Amino acid sequence: LSKEERQQQVQHRHQYDGTFSTEYQLKRKDGEIIWVRDTSTITYDKEKNIVHIDGVLEDITEKRAMQAELDHIHQLVLQAKQEWEATVDSLPQLICLLDNTRQILRCNRASERWGFGQVEQVKGKNICDVLTGFEHIDGQNIRQLFYDKWENLAAGEAFAFEIVNHQTQQYATIQVQPIAQTTYYHAIEQSSYAVVIIHDTTTSKQLEQTLRQMNLELEKRVQERTAELEQTNLLLQKEINQREMIALELEQALQEEKELNAFKARFGTLVSHEFRTPLAIIQTSVDIIERYNHQITDERRQELTHNIRTQIKHLTKLLDDIYMVSRAETVGIDMTRDWVHLRTFIDQIVNGLSQLAHADRQFIYTNHIDQDIKAYIDRRLIHQMITNLVSNAIKYSKAGTSITLNTYHQDHDFIIEVSDEGIGIPIEAQEHLFDVFYRASNVTEIGGTGIGLAIVKLAVDLHQGHITFTSEPNQGTTFKVKIPLGKES
Numbered sequence: 003l004s005k006e007e008r009q010q011q012v013q014h015r016h017q018y019d020g021t022f023s024t025e026y027q028l029k030r031k032d033g034e035i036i037w038v039r040d041t042s043t044i045t046y047d048k049e050k051n052i053v054h055i056d057g058v059l060e061d062i063t064e065k066r067a068m069q070a071e072l073d074h075i076h077q078l079v080l081q082a083k084q085e086w087e088a089t090v091d092s093l094p095q096l097i098c099l100l101d102n103t104r105q106i107l108r109c110n111r112a113s114e115r116w117g118f119g120q121v122e123q124v125k126g127k128n129i130c131d132v133l134t135g136f137e138h139i140d141g142q143n144i145r146q147l148f149y150d151k152w153e154n155l156a157a158g159e160a161f162a163f164e165i166v167n168h169q170t171q172q173y174a175t176i177q178v179q180p181i182a183q184t185t186y187y188h189a190i191e192q193s194s195y196a197v198v199i200i201h202d203t204t205t206s207k208q209l210e211q212t213l214r215q216m217n218l219e220l221e222k223r224v225q226e227r228t229a230e231l232e233q234t235n236l237l238l239q240k241e242i243n244q245r246e247m248i249a250l251e252l253e254q255a256l257q258e259e260k261e262l263n264a265f266k267a268r269f270g271t272l273v274s275h276e277f278r279t280p281l282a283i284i285q286t287s288v289d290i291i292e293r294y295n296h297q298i299t300d301e302r303r304q305e306l307t308h309n310i311r312t313q314i315k316h317l318t319k320l321l322d323d324i325y326m327v328s329r330a331e332t333v334g335i336d337m338t339r340d341w342v343h344l345r346t347f348i349d350q351i352v353n354g355l356s357q358l359a360h361a362d363r364q365f366i367y368t369n370h371i372d373q374d375i376k377a378y379i380d381r382r383l384i385h386q387m388i389t390n391l392v393s394n395a396i397k398y399s400k401a402g403t404s405i406t407l408n409t410y411h412q413d414h415d416f417i418i419e420v421s422d423e424g425i426g427i428p429i430e431a432q433e434h435l436f437d438v439f440y441r442a443s444n445v446t447e448i449g450g451t452g453i454g455l456a457i458v459k460l461a462v463d464l465h466q467g468h469i470t471f472t473s474e475p476n477q478g479t480t481f482k483v484k485i486p487l488g489k490e491s
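Note that my numbering numbers the sequence shown so that position 180 is 182, with each residue one more than the last.
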């Protein structure tokens with residue numbers, strides 16, 4: 003201490019009689035300032051002069067530092083407590099701290115806003131008494147509900163339920179949360195046991211009811227509007243269907259008119275070529291016979307007569323073909339079926355056509371893979387089908403080429419394949435190949451009616467068969483016909 007400070011301490015001790023204690027700072031030799039506690043006993047003589055002083059100095063620097071820290075912490079705790087209480091008091095929820103008998107130990111100031119009274123009035127009351135006027139939303143007694151659930155808190159199980167005051171139309175949700183208990187808490191008679199948080203749900207319930215009512219009204223309106231829209235849609239759909247039907251009918255009519263015009267054009271071409279030429283030959287032969295009857299020889303007369311008969315047969319076949327196609331499209335064709343040995347039947351047809359092929363130095367090769375196939379067919383239709391396929395192969399192939407006819411059995415069908423090395427079928431003509439009177443662009447210079455393949459298709463369809471073909475221009479064509487072997491009905 004400095005001289006002045008020492009003098010102050012001596013003067014200070016004169017004020018006491020006996021032992022006293024004081025705290026002050028000292029400066030150590032190393033310059034560090036420390037706090038000490040000075041506990042002294044003073045001895046006086048008869049004149050009250052100090053004889054001597056017995057004292058103990060204790061270094062309390064660390065204690066003073068710890069105390070200062072504790073004081074600071076205590077101040078922070080008080081501040082936090084005040085802030086927390088202010089925060090909790092500002093909450094709209096009623097928050098209560100209960101003991102194990104359901105008595106309120108503490109609560110926030112929301113009790114006043116809820117109409118339960120001031121905080122000091124609510125303290126000490128049973129939570130169930132505070133909630134007088136409320137009952138469980140399902141009608142259960144709140145006191146009984148607390149009693150039934152209370153023991154579960156000891157196991158750490160929280161619970162919650164909804165309450166309502168029917169008189170005030172106030173709704174709320176109660177949450178009860180257990181507080182972890184310690185030995186220290188159990189030693190205190192009124193230890194905190196649970197926290198009760200009561201939320202006012204009146205506004206949300208009212209909004210919920212309003213929303214429910216609005217939903218009902220909206221649903222009703224939607225149903226009414228939906229019914230109106232459905233009725234309108236039905237009328238629109240009916241109108242659309244009618245218009246689509248009319249459009250379809252018009253489209254079909256236009257297509258039929260187009261097909262009819264094309265048919266007329268093809269038929270006109272047929273009449274112009276296929277009828278005029280035979281009639282001209284007949285007319286010429288008749289004129290020669292009438293005009294030069296006495297001058298021509300019998301041999302020449304027989305030749306002219308033969309020409310007339312040949313052209314009449316040609317016209318008769320042409321008319322028969324047209325009649326068959328026409329009848330098939332109108333009233334249908336009656337079929338006469340019987341069991342036919344296909345190999346013998348087909349060989350007879352090919353033999354009849356061989357002379358026509360030989361005239362153009364063409365060759366027909368027949369290949370029967372199966373020795374003996376019997377089929378239940380209409381002889382006339384199948385005969386005409388094979389004749390037309392082979393005749394076309396001869397007609398549209400060059401001299402010196404070959405025509406191949408294969409037959410074989412596959413499952414419940416017999417197959418006929420006719421292949422040639424002819425001019426082939428143009429791509430654009432293939433989809434119309436079986437139309438009546440239709441002729442491809444590459445055969446206009448070759449005689450024909452455009453009926454042959456239509457009759458082939460007719461014969462196949464009447465036998466419930468199937469026909470396909472492959473063709474390459476100038477590479478030839480192969481027709482494949484599949485006909486059910488059939489059975490007697």
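Errors might be hidden in some of the hints.
[To be verified] So the derived label-pair ranges between C-beta atoms look like this:
1. T480 with E305: 36 to 42 angstroms
2. D300 with I371: 19 to 25 angstroms
3. T204 with L231: 35 to 41 angstroms
Keep in mind that the hints were calculated from the coordinates and are not lab data.
No experiment lies behind these values; they were computed from the predicted model shown.
Ideal placement from N, C-alpha and C gives every residue a C-beta, glycine not left out.
Hints, one by one, checked against the model:
{"no.": "1", "hint": "T480 with E305: 36 to 42 angstroms", "verdict": "holds, 40 angstroms"}
{"no.": "2", "hint": "D300 with I371: 19 to 25 angstroms", "verdict": "violated, 51 angstroms"}
{"no.": "3", "hint": "T204 with L231: 35 to 41 angstroms", "verdict": "holds, 39 angstroms"}
When held up to the earlier numbered hints, the structure conflicts with hint 2 and nothing else.
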